[in-house]
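Protein chains in written order, with our numbering: chain A, 1 to 390; chain B, 1 to 39.
Hints were generated in silico from the structure; no laboratory data involved.
Positions of the beta carbon are idealized from the N, C-alpha and C atoms, including for glycine.
Check the hints yourself; a few may be wrong.
[Said to hold, decoys possible] Pulled a few chain A residues facing chain B out of the computed Cβ check, cut under 8 Å: (1) Leu-97; (2) Ile-384; (3) Leu-388.
[Stated by the list, open to error] Okay, the calculated beta carbon distance ranges per label pair: (4) B:Thr-23 to A:Val-68: 39 to 47 Å; (5) B:Ile-24 to A:Ser-390: 17 to 25 Å; (6) A:Cys-258 to B:Lys-30: 21 to 29 Å; (7) A:Phe-65 to B:Lys-39: 40 to 48 Å.
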Amino acid sequence: MDKLQSLLNGFTNFTWQHGVMLLIGIVLIYLAIKKEYEPMLLLPIGFGAILTNIPGSTAVGEHGFLTVLYNAGIVNELFPILIFVAVGAMIDFSPLLKQPVTLFFGAAAQFGIFASMLMAASTNLIELPEAISSLLGLAPGEGLFSLKEAAAVGIIGAADGPTSIFVGTKFAPKYIGAITVAAYSYMALVPLIQPPVIKALTTKKERQIRMDVDYGVKVSKTVLILFPIVVTIVAGIIAPISVPLIGSLMFGNLIRECGVLERLSQTAQNELGNLVTLLLGITIGSTMAAEQFLTVQTFLILGIGLLAFVFDTAFGVLFAKFVNLFLKKKINPMIGGCGISAFPMSARIVQKMAQKEDPTNFVLMPAIGANVAGQIGSVIAGAIILALLS
Amino acid sequence: MEIFLGALEVMGFGVGGVFLVLTIFYFLVKLMLRLFPEK
């Protein structure tokens with residue numbers, strides 16, 4: 001009888017919450033395969049969620065392989081750091097170096113991080129009745145998010161998975177699943193999120209503004225090699241807590257640009273990136289246990305995360321329009337929206353929008369410049385948040 | 001209220017900090033392009 005009971009454990013322990021989470025896992029896998037929304041991440045995350053939410057699953061728990069991976073790669077932030085080495089090896093900073101002014105768009109578009117952090121923090125201004133507080137598992141007077149958790153929610157606006165995971169693990173480990181799913185899902189949805197925001201904030205005439213492809217600037221090999229080294233040293237001195245993030249990104253880029261480590265560069269871009277992405281995805285999926293994921297906070301995180309992307313785009317575009325007030329040779333303000341880190345999707349979208357207005361207009365290079373500036377900006381923003389709140 | 005004010009403070013320092021650091025990078029890039037031009 002006991003043996004029969006042990007065989008039926010999975011059924012007897014099955015709750016509706018498990019059912020919902022299995023469904024969420026299947027939806028993520030569907031979106032990855034059918035819609036090709038960040039399939040490299042969403043498919044492993046979806047499957048990790050399924051493995052975790054099968055009642056009595058031994059994939060999680062003290063000796064479960066997903067818990068082992070979580071402790072080995074997420075708790076100590078190893079996976080996001082390794083991903084950054086791969087990302088650094090993939091990025092060509094020449095469009096940014098040709099037009100360093102695009103750095104400012106990379107800074108402006110980080111506004112969404114802080115605006116959404118403020119939104120998450122503002123949920124504490126609503127005083128919840130005691131009955132609702134206890135229903136949500138909160139102590140009387142306790143808010144939905146602490147300041148650190150609000151910052152971790154805001155970092156979704158970095159539009160940069162590894163930075164979101166890095167900050168989220170430090171400040172809001174219990175929400176890391178929701179934060180990561182939001183970050184990667186909205187990155188995949190950038191083609192749907194950005195165009196209406198950009199269109200609403202620009203005129204047809206502004207969208208038709210032409211920009212020089214490279215301003216006639218040529219970048220020497222020496223500058224390409226020095227850039228990652230100088231950025232690492234300067235950012236590290238200003239915010240030492242940024243060293244793992246910016247250091248690994250720039251290390252990957254140095255491997256790419258040095259010209260004598262082609263094999264390592266290829267390995268970082270392909271094998272390392274692919275392997276760590278695979279492990280990262282399934283491990284993040286393992287954090288989506290029903291009791292942690294099916295909460296009011298998760299829904300708020302998903303909502304605020306979406307707004308973060310909207311704020312990023314809007315502020316980037318508005319900043320470019322503001323800069324135009326002082327320039328003789330105007331910038332196409334859509335470039336401002338590329339300061340969001342989602343690389344290179346955002347630049348492609350802006351190029352597509354520019355060509356829709358004028359088929360002979362090419363803004364791809366400055367757009368990519370702003371896009372890679374956004375990559376640096378998001379890492380710096382993450383580091384500053386860590387420095388301010390650690 | 002304390003958390004909200006804390007977030008406002010982080011926002012001020014954060015936005016300012018990001019702009020400051022990237023402005024430094026801007027001038028460093030300009031300097032590097034001048035010191036090491038492509039021949």
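Now the hints, each set against the structure:
Annotation: Leu-97 (chain A) was flagged as interfacial toward chain B, and the flag holds, the nearest CB pair being 6 Å apart, inside 8 Å. The beta carbon of Ile-384 (chain A) comes within 4 Å of a beta carbon in chain B, closer than 8 Å, and the hint placing it at the interface holds. Taken as an interface hint, Leu-388 (chain A) checks out: its beta carbon lies about 5 Å from the nearest beta carbon of chain B, inside 8 Å. Remark: the range hint 39 to 47 Å for Thr-23 (chain B) to Val-68 (chain A) is upheld by a beta-carbon distance near 44 Å.
Distance hint check: the CB atoms of Ile-24 (chain B) and Ser-390 (chain A) are about 22 Å apart, consistent with the given range 17 to 25 Å. Remark: the range hint 21 to 29 Å for Cys-258 (chain A) to Lys-30 (chain B) is upheld by a beta-carbon distance near 23 Å. Separation of Phe-65 (chain A) from Lys-39 (chain B) is about 55 Å and departs from the stated range, judged on CB atoms against 40 to 48 Å.
Hint violations for this structure: number 7 only, all remaining hints satisfied.
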